[in-house]
Amino acid sequence: MSRRSVATALAVVLVAGAVALANAGPADYVMAVDKHTSAKGRALAVKYQPQLLQFSEYVYHCLPYLEIKNGLGFKKVPKEQGDNRYAAVWIRAEQASDPTFAALPVDRQVSAMFSRYAIPMLRRLAAVPGFASDPDVHGFSVAVEWVKPGSDPNVPTMEILAMFADQASTRAFLGKTLPAKEYMEKMRLTFFDGDKEVGRLPIEVWEDNFVATYKVPGYEMEKGKVCS
Amino acid sequence: MRSKIVTAAALIGVAFLAGACATSEQWGEWRGHTTHFASGDHGMFSMRNNMSGTNPRVTRLDIENTRTQNWWGKTISVEPGQVIQN
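Sequence order for the protein chains is S and X. Heads up: the first sequence runs through residues 1 to 228, numbered per my numbering. Heads up: the second sequence runs through residues 1 to 86, numbered per my numbering.
Derived by calculation from the structure, the hints in this document are not laboratory data. A virtual CB, placed ideally from N, CA and C, is assigned to each residue, including glycine. Treat each hint with caution, since some may be false.
Below, in silico cross-link-like pairs of lysine to any residue (SDA-like), each with a Cα-Cα straight-line distance of 20 Å or less [claimed, not checked]:
no.: 1; chain 1: S; residue 1: Lys225; chain 2: X; residue 2: Arg60
no.: 2; chain 1: S; residue 1: Lys69; chain 2: X; residue 2: Asn65
no.: 3; chain 1: S; residue 1: Lys40; chain 2: X; residue 2: Gly81
no.: 4; chain 1: S; residue 1: Lys35; chain 2: S; residue 2: Gln51
no.: 5; chain 1: S; residue 1: Lys196; chain 2: X; residue 2: Thr75
no.: 6; chain 1: S; residue 1: Lys35; chain 2: X; residue 2: Asn86
no.: 7; chain 1: X; residue 1: Lys74; chain 2: S; residue 2: Gln95
no.: 8; chain 1: S; residue 1: Lys223; chain 2: S; residue 2: Leu53
no.: 9; chain 1: S; residue 1: Lys40; chain 2: X; residue 2: Gln85
no.: 10; chain 1: S; residue 1: Lys79; chain 2: X; residue 2: Ser77
no.: 11; chain 1: S; residue 1: Lys69; chain 2: S; residue 2: Asp98
no.: 12; chain 1: S; residue 1: Lys47; chain 2: S; residue 2: Pro26
no.: 13; chain 1: S; residue 1: Lys225; chain 2: S; residue 2: Pro64
no.: 14; chain 1: X; residue 1: Lys74; chain 2: S; residue 2: Glu197
no.: 15; chain 1: S; residue 1: Lys79; chain 2: X; residue 2: Val78
no.: 16; chain 1: X; residue 1: Lys74; chain 2: S; residue 2: Glu67
no.: 17; chain 1: X; residue 1: Lys74; chain 2: S; residue 2: Leu66
no.: 18; chain 1: S; residue 1: Lys196; chain 2: X; residue 2: Gln82
no.: 19; chain 1: S; residue 1: Lys215; chain 2: S; residue 2: Lys196
no.: 20; chain 1: S; residue 1: Lys225; chain 2: X; residue 2: Leu61
no.: 21; chain 1: S; residue 1: Lys47; chain 2: S; residue 2: Pro129
no.: 22; chain 1: S; residue 1: Lys196; chain 2: X; residue 2: Lys74
no.: 23; chain 1: S; residue 1: Lys223; chain 2: X; residue 2: Gln85
no.: 24; chain 1: S; residue 1: Lys69; chain 2: X; residue 2: Asn86
no.: 25; chain 1: S; residue 1: Lys35; chain 2: X; residue 2: Gly81
no.: 26; chain 1: S; residue 1: Lys35; chain 2: X; residue 2: Gln82
no.: 27; chain 1: S; residue 1: Lys196; chain 2: X; residue 2: Pro80
no.: 28; chain 1: S; residue 1: Lys79; chain 2: X; residue 2: Gln82
no.: 29; chain 1: S; residue 1: Lys35; chain 2: X; residue 2: Asn65
no.: 30; chain 1: S; residue 1: Lys47; chain 2: S; residue 2: Asp134
no.: 31; chain 1: S; residue 1: Lys223; chain 2: X; residue 2: Thr59
Distance windows between CB atoms, simulated [unchecked claim]:
no.: 32; chain 1: S; residue 1: Ala102; chain 2: X; residue 2: Gln82; range: 31 to 37 Å
no.: 33; chain 1: S; residue 1: Lys225; chain 2: X; residue 2: Ile76; range: 32 to 38 Å
no.: 34; chain 1: X; residue 1: Gly81; chain 2: S; residue 2: Pro105; range: 27 to 33 Å
no.: 35; chain 1: X; residue 1: Gln82; chain 2: S; residue 2: Val106; range: 15 to 21 Å
no.: 36; chain 1: X; residue 1: Ile76; chain 2: S; residue 2: Gly130; range: 34 to 40 Å
no.: 37; chain 1: X; residue 1: Gly81; chain 2: S; residue 2: Lys181; range: 26 to 32 Å
no.: 38; chain 1: S; residue 1: Gly25; chain 2: X; residue 2: Ile76; range: 27 to 33 Å
no.: 39; chain 1: X; residue 1: Gln82; chain 2: S; residue 2: Ser97; range: 21 to 27 Å
Taking the hints into account, I'd like the entire structure generated from these sequences.
This is the structure we're talking about:
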């Protein structure tokens, strides 16, 4: 192979890599339509593509300490019969280790993560235009994952809390007509510790305005973007 | 002439990627400074950021680039399909 060919190949690879890096953005966190495993899911993904992108842009630009994982889309409860579709977001919360948090019992840690991150995500999902009147959007699902306190920093153990709830009870809870305790009892809730499914934990919900108020020091938001 | 264009393209590519790496390092530095926002309304949580008083400016693209390069090589976790089904 000539030197010129090598240089050409190198240039192509480098420029392609640079373009790929430059193009990563909110659209990459929306699950592709064809990855939905049913016609109903795909139809919802097509119908609400602009809303999903808007949701992704909000998380991407306004909550940079969160990362959407496994694609924002319309998903279902694993192994459940039927095809109830939930508007679903899975977020990884990036935070440093904290002795106070680590010292809490697991159910309190999970309650804290739920109150801090899952509730705002639910509120945001419930506000998406069109969902409330769409019978094909059965409900909402939020999964929150974080690094287990004390786990190996080189191979961290992830803890995940996943919830699924129907629209009616979620809206009643957010509208304060359904007590948190009853809402939690109605929803499907599963906690995972690393590669083990733990199941349901007794979770409490409390007010937490972190997502609404916290500003990351030093973070420069892209020009023209507004968080509301 | 053609070889000059190819060389220039290669140099531009290298420069672009070097720039991306530099911003990733800045982001890594930013994240490496651990502090806790453990008081007041923000409770017991924390995020890696300014501890030393210097506070590098970080854009969302810097964060994205670092994540693209995989912050952790591997994590211990369940398969996504156990949590939620597409």
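Cross-check of the supplied hints:
Straight-line distance between C-alpha atoms of lysine 225 (chain S) and arginine 60 (chain X) comes to about 11 Å, which keeps the hinted pair within the 20 Å bound. For the hint pairing lysine 69 (chain S) with asparagine 65 (chain X), the CA-to-CA distance comes to about 15 Å; that is within 20 Å, so the pair holds. For the suggested pair lysine 40 (chain S) and glycine 81 (chain X), the alpha carbons sit about 19 Å apart, so the restraint of at most 20 Å is met. Annotation: proposed proximity of lysine 35 (chain S) to glutamine 51 (chain S) holds, straight-line Cα distance about 18 Å (limit 20 Å).
Between the alpha carbons of lysine 196 (chain S) and threonine 75 (chain X) the distance comes to roughly 13 Å, so the proposed pair stays at or under 20 Å and holds. Of the supplied pair hints, the one linking lysine 35 (chain S) and asparagine 86 (chain X) holds, its CA atoms being roughly 7 Å apart against a limit of 20 Å. Annotation: proposed proximity of lysine 74 (chain X) to glutamine 95 (chain S) holds, straight-line Cα distance about 17 Å (limit 20 Å). Our distance criterion of 20 Å between C-alpha atoms is met by lysine 223 (chain S) and leucine 53 (chain S), whose separation comes to about 18 Å.
Annotation: proposed proximity of lysine 40 (chain S) to glutamine 85 (chain X) holds, straight-line Cα distance about 14 Å (limit 20 Å). With a C-alpha separation of about 19 Å, the suggested pairing of lysine 79 (chain S) with serine 77 (chain X) holds against the 20 Å cut-off. A C-alpha spacing of about 23 Å is found between lysine 69 (chain S) and aspartate 98 (chain S), which places the hinted pair above 20 Å, so the restraint is violated. For the proposed pair lysine 47 (chain S) and proline 26 (chain S), the alpha carbon gap of about 18 Å is at most 20 Å, so the pair holds.
Restraint check for lysine 225 (chain S) and proline 64 (chain S): satisfied, since their Cα atoms lie roughly 13 Å apart, inside the 20 Å limit. Annotation: proposed proximity of lysine 74 (chain X) to glutamate 197 (chain S) holds, straight-line Cα distance about 19 Å (limit 20 Å). Only pairs whose Cα atoms come within 20 Å are accepted, and lysine 79 (chain S) paired with valine 78 (chain X) is accepted, the gap being roughly 15 Å. About 16 Å separates the Cα atoms of lysine 74 (chain X) and glutamate 67 (chain S), which keeps this hinted pair within 20 Å; it holds.
Only pairs whose Cα atoms come within 20 Å are accepted, and lysine 74 (chain X) paired with leucine 66 (chain S) is accepted, the gap being roughly 18 Å. This hinted pair checks out: lysine 196 (chain S) and glutamine 82 (chain X) have alpha carbons roughly 10 Å apart, not beyond 20 Å. Distance check on the hinted pair: lysine 215 (chain S) and lysine 196 (chain S) sit about 34 Å apart at the alpha-carbon level, beyond 20 Å; violated. Note on lysine 225 (chain S) and leucine 61 (chain X): the hinted pairing holds, with a Cα-Cα distance of about 13 Å set against a maximum of 20 Å.
Annotation: proposed proximity of lysine 47 (chain S) to proline 129 (chain S) holds, straight-line Cα distance about 11 Å (limit 20 Å). Straight-line distance between C-alpha atoms of lysine 196 (chain S) and lysine 74 (chain X) comes to about 16 Å, which keeps the hinted pair within the 20 Å bound. With a C-alpha separation of about 36 Å, the suggested pairing of lysine 223 (chain S) with glutamine 85 (chain X) is violated against the 20 Å cut-off. Pair hint lysine 69 (chain S) plus asparagine 86 (chain X) holds up; C-alpha atoms about 13 Å apart against a cutoff of 20 Å.
For the hint linking lysine 35 (chain S) to glycine 81 (chain X), the alpha-carbon distance of about 13 Å falls within 20 Å, and the restraint holds. Note on lysine 35 (chain S) and glutamine 82 (chain X): the hinted pairing holds, with a Cα-Cα distance of about 16 Å set against a maximum of 20 Å. The suggested pairing of lysine 196 (chain S) with proline 80 (chain X) holds, with an alpha-carbon distance near 12 Å, which does not exceed 20 Å. With a C-alpha separation of about 9 Å, the suggested pairing of lysine 79 (chain S) with glutamine 82 (chain X) holds against the 20 Å cut-off.
Only pairs whose Cα atoms come within 20 Å are accepted, and lysine 35 (chain S) paired with asparagine 65 (chain X) is rejected, the gap being roughly 24 Å. Using a Cα cut-off of 20 Å, the hinted pair lysine 47 (chain S) and aspartate 134 (chain S) holds, with the two alpha carbons roughly 11 Å apart. The straight-line distance between the Cα atoms of lysine 223 (chain S) and threonine 59 (chain X) is roughly 10 Å, inside the 20 Å bound, and the hint therefore holds. Remark: the range hint 31 to 37 Å for alanine 102 (chain S) to glutamine 82 (chain X) is contradicted by a beta-carbon distance near 25 Å.
Checked against the given bound of 32 to 38 Å, the beta carbons of lysine 225 (chain S) and isoleucine 76 (chain X), roughly 35 Å apart, stay inside it. The supplied range of 27 to 33 Å is met by glycine 81 (chain X) and proline 105 (chain S), whose beta-carbon atoms lie about 29 Å from each other. Range check, glutamine 82 (chain X) to valine 106 (chain S): Cβ separation about 19 Å, and the 15 to 21 Å hint holds. Checking the proposed 34 to 40 Å range against isoleucine 76 (chain X) and glycine 130 (chain S) shows it holds: the Cβ atoms sit about 38 Å from each other.
A beta carbon spacing of about 30 Å between glycine 81 (chain X) and lysine 181 (chain S) agrees with the range 26 to 32 Å that was offered as a hint. Between glycine 25 (chain S) and isoleucine 76 (chain X) the beta carbons are some 29 Å apart, a value that agrees with the proposed interval 27 to 33 Å. Range check, glutamine 82 (chain X) to serine 97 (chain S): Cβ separation about 26 Å, and the 21 to 27 Å hint holds.
When held up to the earlier numbered hints, the structure conflicts with 11, 19, 23, 29, 32 and fits the remainder.
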